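Listed below are the residues making up each chain.
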Amino acid sequence: MLKKIGYTLLALSGWWMLACSDPEAAQQKAWDGVMVVHDEIMPWMGEMNRITQDLKGKVADPSLSVEVASQIQTAVEDLDAADAAMWRWMNRLRTMDELRATETHEAIMAYLAAEKQSIDELKMQMQSGMDAGKALLASFSGDENQKQ
Amino acid sequence: MRYKRIFYSIFPVLGLLGGLMMSSCGGPGSGDLPYLGNHNTVDGQTVYHQIRPFSFVNQDSAVVTNATFAGKIYVADFFFTSCPTICPKVKKNMLRIYEKYADRPELVFLSHSIDVKYDTVGRLKAYADNLNISSDRWHLITGDKDEIYKIAEDYMSVAMEDADAPGGYNHSGWIVLIDDKGHVRSYSDGTDAAAVDEFMLDIEWLLQDVYGAAKQ
Chain G
1 MLKKIGYTLL ALSGWWMLAC SDPEAAQQKA WDGVMVVHDE IMPWMGEMNR
51 ITQDLKGKVA DPSLSVEVAS QIQTAVEDLD AADAAMWRWM NRLRTMDELR
101 ATETHEAIMA YLAAEKQSID ELKMQMQSGM DAGKALLASF SGDENQKQ
Chain D
1 MRYKRIFYSI FPVLGLLGGL MMSSCGGPGS GDLPYLGNHN TVDGQTVYHQ
51 IRPFSFVNQD SAVVTNATFA GKIYVADFFF TSCPTICPKV KKNMLRIYEK
101 YADRPELVFL SHSIDVKYDT VGRLKAYADN LNISSDRWHL ITGDKDEIYK
151 IAEDYMSVAM EDADAPGGYN HSGWIVLIDD KGHVRSYSDG TDAAAVDEFM
201 LDIEWLLQDV YGAAKQ
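Chain order of the listed sequences is G and D.
Residues 1 to 148 in the numbering used here are what the first sequence spells out, letter by letter.
Residues 1 to 216 in the numbering used here are what the second sequence spells out, letter by letter.
Worth double-checking, as some hints may not be accurate.
[Unchecked claim] Straight-line alpha carbon distances no greater than 30 Å define the calculated DSBU-like cross-link-like pairs of lysine-lysine that follow: (1) K150/D - K181/D; (2) K92/D - K29/G; (3) K92/D - K72/D; (4) K134/G - K117/D; (5) K150/D - K58/G; (6) K123/G - K150/D; (7) K89/D - K116/G; (8) K181/D - K125/D; (9) K123/G - K89/D; (10) K89/D - K117/D; (11) K134/G - K100/D.
No lab work stands behind these hints, which were simulated from the structure alone.
Bear in mind the structure is a predicted one, so any value in this text is a computation, not a measurement.
All chains, full assembly: derive it from the sequences and hints.
Next comes the structure, spelled out in C-alpha cells:
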C-alpha cells in the first residue's frame with residue numbers, strides 16, 4: 001500500500017517538474033495572467049467614456065462653482081489619461097509569437113512579469129478614475145434631488 | 001390620487017411587458033426574426049429602433065455613411081487591431097460568414113475600430129489585406145471617438161440587455177445583424193463558432209425575406 005502511494009507521489013512530482021520546466025507552458029501561463037486582467041478591464045473603456053461624457057455635460061451648467069468645475073475638469077483629465085494609457089499599453093504590447101522569435105525564455109518571463117505589473121497598475125488607474133467620476137456625478141444627482 | 005399611484009406602480013411593469021412582447025413578436029412581415037431594441041409609437045404607428053445616421057472613413061479613406069448600406073443587410077461589430085484576445089476570434093468567425101456568402105453582395109460587413117488614435121486608415125488597410133477582404137463588402141472604419149462610442153450603444157444596446165451577454169460592448173465580441181432599413185434583427189456572440197452558425201441561419205432568413213431566393 002505504502003509502495004503504491006510512493007509511486008503515485010513520485011509520478012505526480014515528476015509530472016509537476018516536467019510542467020514547470022516546460023518553458024513554453026510557463027510563458028503561456030504568464031501571458032494568460034496578463035490577458036485575464038486585460039479582458040477584465042477592457043470593457044471598462046466604454047463605461048469610462050460614458051462617465052467622461054456625463055461629466056462634460058455637467059460643465060456646461062453656468063450655476064457651477066469654480067471649485068466644482070475644477071473638480072470635474074480634474075476627473076475628466078484623469079479618465080482621459082487612463083484611457084490613453086490603456087490604448088498605449090495595448091499598442092506597444094508584444095505578441096507571444098514575436099517574443100518567442102526574438103527573446104530568450106528568461107527575457108520573455110521578465111517582460112511578461114513587467115507587463116503584468118503594468119496592467120495591474122492600469123486597472124487601478126482606471127478604477128480610481130471611474131470611482132472619482134461616478135462619485136462626482138452622484139453628488140450632482142443628490143443636489144438635484146434636494147432641489148426637488 | 002389613488003388611481004395615479006396605482007398607475008405609476010404598474011406603469012414600469014406594463015412597459016416591460018410591452019417591450020418584451022414587441023421584441024419577441026417581431027415587426028410587420030417578419031415571420032421569424034424580431035425587430036430588436038426599444039420601439040416608439042408615433043401617430044399610432046410602431047417605429048422600430050433604427051441605427052442613427054453616421055459618417056466614418058474606411059480602410060480606403062472612402063466615406064462610409066448609412067447610404068453606403070442602403071438596400072443592403074449587414075453584420076456589424078466593434079474591434080481594434082491591437083486586440084490580443086477576443087477580436088481575432090470574432091474576425092475568424094466573421095470571415096466564415098464573409099466567405100460563405102461570397103456570392104451574395106447584398107450582405108456586407110461593417111467593423112468599427114474603437115481605437116481611433118492608433119488604428120489609422122493605413123493600419124486598417126493592412127489589417128484588411130491580412131484578412132484578404134474586399135472594401136466593397138467589408139468596411140473597417142475609423143472616425144470621431146465619441147461618435148463611434150455613441151453608435152456602439154445603438155448597435156449593442158440590444159445585446160447589452162441580454163443577461164448572458166458579457167459586459168462592455170467594446171470588448172464583448174458581439175456581432176449584430178442589421179436589415180436593409182437599418183433595424184437590428186439579430187445578434188450573436190462572435191467568439192462562439194456554434195452561436196455564429198445559428199446566427200448564419202438568421203442571415204439566411206433575412207436574405208430570403210428581403211431579397212427572395214438566392215440567385216442561381
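Hints and how they fare:
| no. | hint | in the structure |
| --- | --- | --- |
| 1 | K150/D - K181/D | holds (19 Å) |
| 2 | K92/D - K29/G | holds (24 Å) |
| 3 | K92/D - K72/D | holds (22 Å) |
| 4 | K134/G - K117/D | holds (25 Å) |
| 5 | K150/D - K58/G | holds (18 Å) |
| 6 | K123/G - K150/D | holds (24 Å) |
| 7 | K89/D - K116/G | holds (23 Å) |
| 8 | K181/D - K125/D | holds (28 Å) |
| 9 | K123/G - K89/D | holds (24 Å) |
| 10 | K89/D - K117/D | holds (23 Å) |
| 11 | K134/G - K100/D | violated (45 Å) |
Comparing the model with each numbered hint stated earlier shows that hint 11 is the single one that does not hold.
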